[in-house]
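Start from the sequences, fold in the hints, and give me the full structure.
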Amino acid sequence: MLDLARLRALHAVSVHGSVAGAATALGYTASAVSQQITKLERETRTTLLERRGRGVALTEEAVHLAATAQRLLAIVEQAETTLEERRGRPTGRLSVGAFASAARGLLPGVLAALAREHPALDARLTEVDPHLSVDLVAKGVIDLAVAHDWDIAPLPAPQGVAQAVIGEDRCDLLVPEGHRLVGRTSVRREELAKERWVCQPPGTVCHDWLIRTLRTAGYEPDIRHQAEENHTQLALVAAGLGVAMIPRLGRGPLPPGVVAVRLDPVPVRRLYALWRAQAARRPAITATVAALQAGGAEAGLA
157 MLDLARLRAL
167 HAVSVHGSVA
177 GAATALGYTA
187 SAVSQQITKL
197 ERETRTTLLE
207 RRGRGVALTE
217 EAVHLAATAQ
227 RLLAIVEQAE
237 TTLEERRGRP
247 TGRLSVGAFA
257 SAARGLLPGV
267 LAALAREHPA
277 LDARLTEVDP
287 HLSVDLVAKG
297 VIDLAVAHDW
307 DIAPLPAPQG
317 VAQAVIGEDR
327 CDLLVPEGHR
337 LVGRTSVRRE
347 ELAKERWVCQ
357 PPGTVCHDWL
367 IRTLRTAGYE
377 PDIRHQAEEN
387 HTQLALVAAG
397 LGVAMIPRLG
407 RGPLPPGVVA
417 VRLDPVPVRR
427 LYALWRAQAA
437 RRPAITATVA
447 ALQAGGAEAG
457 LA
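Heads up: the sequence shown at position 11 corresponds to 167 in the working numbering, and the numbers run straight through without jumps.
Please note: incorrect hints may appear among the correct ones.
Calculated pairs, EDC-like style, for lysine to aspartate or glutamate (alpha carbon to alpha carbon, straight line, at most 20 Å) [as the list claims (entries may be wrong)]:
1) Lys295 with Glu283
2) Lys195 with Glu216
3) Lys295 with Asp159
4) Lys295 with Glu216
5) Lys350 with Glu384
6) Lys295 with Glu376
7) Lys295 with Glu217
8) Lys295 with Asp307
It should be emphasised that the hints constitute simulated quantities derived from the structure, not laboratory data.
So, in structure tokens, the structure goes:
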């Protein structure tokens with residue numbers, strides 16, 4: 157009989173396209189995932205992964221087996237949901253994925269509250285790119301995700317994925333001390349056409365949003381520096397190397413040399429909890445969504 161944990165590892169590799177990505181999503185080491193795949197190859201007497209340059213690719217047999225694994229995992233999830241419903245309380249492991257600023261500014265308090273209120277629930281966090289979170293939930297790699305979107309870049313809602321709003325996070329313009337806009341009560345985006353910008357790298361949700369929102373103001377932003385971490389962006393702003401738009405959640409106290417200026421209108425991003433619709437009745441899901449909404453309110457997410 158095929159081992160379910162090994163099938164889960166193969167399925168994760170098929171979704172993420174790499175052993176390292178699968179390991180991150182599952183909370184294992186890359187070596188542990190590789191061992192699971194090797195054992196599954198022995199069980200099936202089939203080569204499942206092939207070397208491709210520095211990475212790996214699934215063989216044709218592995219692609220079919222991964223698709224079967226996805227269906228089996230869905231059946232197992234339904235069985236677990238039924239058992240948990242009968243117990244009437246959140247139990248078992250729950251994998252949660254969240255983008256960086258939510259993982260930093262929201263999830264620590266939420267997970268601590270869940271641990272206090274539901275000690276039989278083993279909720280585990282993995283930081284994931286918000287671009288990937290919907291797909292990871294839909295394919296069963298993670299149980300629940302915290303994602304976000306902007307008005308001009310709405311979150312996709314595939315069939316079979318349910319969602320609930322956690323709250324709204326506001327964004328400020330951050331400028332260095334001595335900047336011409338320090339002291340203003342607010343500033344419109346049209347006034348920022350000549351600024352030099354610090355932002356996240358291309359392909360990220362926040363980078364794409366910044367480009368779109370400034371283009372709607374009538375200009376192409378002059379991006380000078382790109383960094384994934386908010387703290388790095390803030391350090392660049394403090395050094396006088398540009399301005400940035402950074403949401404408040406997870407941003408932390410502003411460092412010396414950085415001043416926040418209110419934007420008019422204020423950019424708002426919505427935060428969501430996402431989970432597979434077939435698991436909607438699972439007590440672990442309902443408890444975690446409620447904890448996220450309560451934590452969002454405490455964090456100032458309107």
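Now the hints, each set against the structure:
1. Proximity of Lys295 to Glu283 is assessed by CA-CA distance (about 17 Å); at most 20 Å being required, the pair is judged to hold.
2. Our distance criterion of 20 Å between C-alpha atoms is met by Lys195 and Glu216, whose separation comes to about 18 Å.
3. The suggested pairing of Lys295 with Asp159 holds, with an alpha-carbon distance near 19 Å, which does not exceed 20 Å.
4. Proposed proximity of Lys295 and Glu216 is supported: the alpha carbons are some 19 Å apart, at most 20 Å.
5. Between Lys350 and Glu384 the CA atoms are separated by roughly 23 Å; this puts the pair beyond 20 Å, and the hint is violated.
6. Between the alpha carbons of Lys295 and Glu376 the distance comes to roughly 37 Å, so the proposed pair goes past 20 Å and is violated.
7. For the proposed pair Lys295 and Glu217, the alpha carbon gap of about 19 Å is at most 20 Å, so the pair holds.
8. Among the hinted pairs, Lys295 with Asp307 is inconsistent with the structure: their alpha-carbon atoms are about 26 Å apart, more than 20 Å.
When the structure is compared with the earlier hints, violations turn up for hints 5, 6, 8 and for no others.
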